[in-house]
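Undergrad: Sequence:
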Amino acid sequence: MPKIGNIELPDFPLLLAPMEDVSDPPFRALCKEQGADVVYTEFISSEGLIRDAAKSVIKLDIYEKERPVGIQIFGAELDSMLQAVDIVEKSNPDIIDINFGCPVKKVVSKNAGAGILRDIPLMVKLTEEMVKRTHLPVTVKTRLGWDSDSIKIVEVAERLQDVGIEAIAIHGRTRVQMYKGEANWKPIAEVKNNQRMHIPVFGNGDVDTPEAAMRMRDEYGLDGAMIGRASIGNPWFFKEVKHYFKMGTHLAPPTMEERVEAARRHLQMAIDWKGEKLGVFETRRHYTNYFKGIPHFKEYRMKMVTSDDSSDVFAAFDEVLEKFGDFQFV
1 MPKIGNIELP
11 DFPLLLAPME
21 DVSDPPFRAL
31 CKEQGADVVY
41 TEFISSEGLI
51 RDAAKSVIKL
61 DIYEKERPVG
71 IQIFGAELDS
81 MLQAVDIVEK
91 SNPDIIDINF
101 GCPVKKVVSK
111 NAGAGILRDI
121 PLMVKLTEEM
131 VKRTHLPVTV
141 KTRLGWDSDS
151 IKIVEVAERL
161 QDVGIEAIAI
171 HGRTRVQMYK
181 GEANWKPIAE
191 VKNNQRMHIP
201 VFGNGDVDTP
211 EAAMRMRDEY
221 GLDGAMIGRA
231 SIGNPWFFKE
241 VKHYFKMGTH
251 LAPPTMEERV
261 EAARRHLQMA
271 IDWKGEKLGV
281 FETRRHYTNY
291 FKGIPHFKEY
301 RMKMVTSDDS
311 SDVFAAFDEV
321 LEKFGDFQFV
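Letter 44 of the sequence shown, counting from 1, is numbered 44 in the numbering used here, and no numbers are missing.
Hints are supplied without guarantee of correctness; some may be wrong.
[Unchecked claim] In silico DSS-like cross-links for lysine-lysine, where the CA-CA straight-line distance does not exceed 25 angstroms:
#1 K242 x K186
#2 K274 x K55
#3 K65 x K90
#4 K3 x K239
#5 K292 x K323
#6 K110 x K132
#7 K323 x K303
#8 K110 x K152
#9 K3 x K65
#10 K292 x K180
#11 K323 x K298
#12 K132 x K90
#13 K90 x K274
#14 K106 x K180
#15 K274 x K303
#16 K186 x K3
#17 K3 x K242
#18 K152 x K180
#19 K246 x K3
#20 K277 x K55
#21 K277 x K303
#22 K65 x K55
#23 K298 x K277
#24 K239 x K292
#25 K180 x K110
#26 K152 x K186
#27 K65 x K239
[Claimed, not checked] Here are the computed distance ranges between Cβ atoms for each label pair:
#28 Q328 x K298: 13 to 23 angstroms
#29 D326 x K152: 48 to 58 angstroms
#30 V57 x H198: 33 to 43 angstroms
No wet-lab data here; the hints were simulated from the structure. By construction, the Cβ of each residue, glycine as well, lies at the ideal position given by its N, Cα and C atoms.
Turn these sequences into a full structure, and let the hints guide you.
TA: Okay, here's the thing in C-alpha cells:
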C-alpha cells in the first residue's frame, strides 16, 4: 500500500488533480464523496500568498471532510516559496505540493510551473529548501520535461526523492506539448522501475476511462492515478474506476436525478463559499459534462452558462429534470 509520509493510502489510490478554477472546495467535496482518495487545491501563487492577495488566500480554505488534502503552490523565487510554505502550514493541510508542471505561458514566463524544467538544479534546490522548511510531507507534480529533447524525468525524480519529497505525480507530456497529442506513460513507468525509487509514483494525463486507469496500474505498474479533466462535471468518475477494478464491469451511469442533484449542490456550495457572482460564474464549466449526451439540450445549457442569477440556473435545473427526467444515459 502506498504512503505519503505517514498518510496510508489504499492500493492504487485515485487523486484529484489540482486544476485552476476547478479544484475548489465544492468540487473537491463532491469528488471525495465519489471515491477520490486524495484531493489537491487549485495551484496557489507563492507571490500572491506573501502579498496577501485575496484570490490566492481564499484558495487556502480546506475542510475536515476532504482530508487527506494537499495545498499546491507554485513559484520560482526561493524566499517567496519558503514564506509561502510558512503561510500554507497555518491552514493545516496534510500535504504541501509543489507545482513544477503548469504549462501556461504567464506561469512559465516567470520560470515557475513547467518553466523550471529548463533549470533542474534550481528545481532541486527549491524543493530541498522547502522540505527542510516544513514538518509536512512535500510532494511534487511535474511533466516529462520541457520538450522531447530534454526528457530526464528518471534522473529528475530520483534527485527530488533524494532531497526529501514523499511522492511524485508525473503528467505524461512535455511542456511544449501543452495538452496536445497523447500522454506518454512509458517514461513514468521508467521512473517507477528505477530501483533507487522508493516513494509513490503517480501517473497523470489521459486517464479518462476505467480501462485507462487499469492499464496504468497493470501494464505500467504505477502506484496510483491522478485524475484531471475526466472529472470535470463528472465527480462519479472515481467511483466508476473503483467499481471497474473490483467487478470488471462498468457502473451504470448516474441518472438524470442524480446529475441534477449534484449540479444543484455544486452550485449552492460554490455560492456559499465564494458568493453569488463568482459561484455562478466558476461552476459553469461543469454543466456541459454533467448533462453530456442529452439531445436537443442547447437551449437549457445556454440558460445555465449565460445567466448571472443563480435563481435562473436553479430554475433551468428544474426544467431539465422535468423535460428529460426519463432520459437514459449510456
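Undergrad: Against this structure, judge whether each hint is valid.
TA: Results of checking the hints against the structure:
Taken as a hint, the K242 and K186 pair is honoured in the structure, with Cα atoms around 23 angstroms apart against an allowance of 25 angstroms. Distance hint between K274 and K55 is fulfilled; the C-alpha atoms sit about 10 angstroms from each other, no more than 25 angstroms. Distance restraint check for K65 and K90: the Cα-Cα separation of roughly 18 angstroms lies within the 25 angstroms cut-off, and the hinted pair is therefore satisfied. In summary, the hint linking K3 to K239 is supported, as the alpha carbons are separated by about 21 angstroms, within the 25 angstroms threshold.
Our distance criterion of 25 angstroms between C-alpha atoms is met by K292 and K323, whose separation comes to about 15 angstroms. A C-alpha spacing of about 24 angstroms is found between K110 and K132, which places the hinted pair at or below 25 angstroms, so the restraint holds. Between K323 and K303, the direct Cα distance comes to roughly 15 angstroms. Compliance with the 25 angstroms bound is thereby established for this hinted pair. Taken as a hint, the K110 and K152 pair is honoured in the structure, with Cα atoms around 22 angstroms apart against an allowance of 25 angstroms.
Among the hinted pairs, K3 with K65 is consistent with the structure: their alpha-carbon atoms are about 20 angstroms apart, no more than 25 angstroms. Taking the CA atoms of K292 and K180, the gap is near 22 angstroms; set against the 25 angstroms cutoff, the hint holds. For the proposed pair K323 and K298, the alpha carbon gap of about 13 angstroms is at most 25 angstroms, so the pair holds. Our distance criterion of 25 angstroms between C-alpha atoms is met by K132 and K90, whose separation comes to about 16 angstroms.
Of the pairs offered as hints, the one joining K90 and K274 holds, with about 21 angstroms between alpha carbons and a cut-off of 25 angstroms not exceeded. For the hint linking K106 to K180, the alpha-carbon distance of about 19 angstroms falls within 25 angstroms, and the restraint holds. Of the supplied pair hints, the one linking K274 and K303 holds, its CA atoms being roughly 21 angstroms apart against a limit of 25 angstroms. For a cut-off of 25 angstroms, the pair hint linking K186 to K3 stands: about 23 angstroms separates their Cα positions.
As the CA atoms of K3 and K242 are separated by approximately 19 angstroms, the hinted pair is consistent with the 25 angstroms bound. For the hint pairing K152 with K180, the CA-to-CA distance comes to about 20 angstroms; that is within 25 angstroms, so the pair holds. With a CA separation close to 21 angstroms, the supplied pair K246 and K3 stays within the 25 angstroms bound. Under the criterion of a C-alpha separation no larger than 25 angstroms, the hint pairing K277 with K55 is consistent with the structure, at around 14 angstroms.
For the hint linking K277 to K303, the alpha-carbon distance of about 15 angstroms falls within 25 angstroms, and the restraint holds. Of the supplied pair hints, the one linking K65 and K55 holds, its CA atoms being roughly 23 angstroms apart against a limit of 25 angstroms. Proximity of K298 to K277 is assessed by CA-CA distance (about 23 angstroms); at most 25 angstroms being required, the pair is judged to hold. Of the pairs offered as hints, the one joining K239 and K292 holds, with about 18 angstroms between alpha carbons and a cut-off of 25 angstroms not exceeded.
Of the pairs offered as hints, the one joining K180 and K110 holds, with about 22 angstroms between alpha carbons and a cut-off of 25 angstroms not exceeded. The suggested pairing of K152 with K186 holds, with an alpha-carbon distance near 13 angstroms, which does not exceed 25 angstroms. Of the supplied pair hints, the one linking K65 and K239 holds, its CA atoms being roughly 17 angstroms apart against a limit of 25 angstroms. Separated by about 20 angstroms at the C-beta atoms, Q328 and K298 satisfy the suggested range of 13 to 23 angstroms.
Here the CB-CB span from D326 to K152 is close to 55 angstroms, well matched to the stated 48 to 58 angstroms. At about 36 angstroms, the CB distance of V57 to H198 agrees with the hint of 33 to 43 angstroms.
Checked against the numbered hints above, the structure violates none of them.
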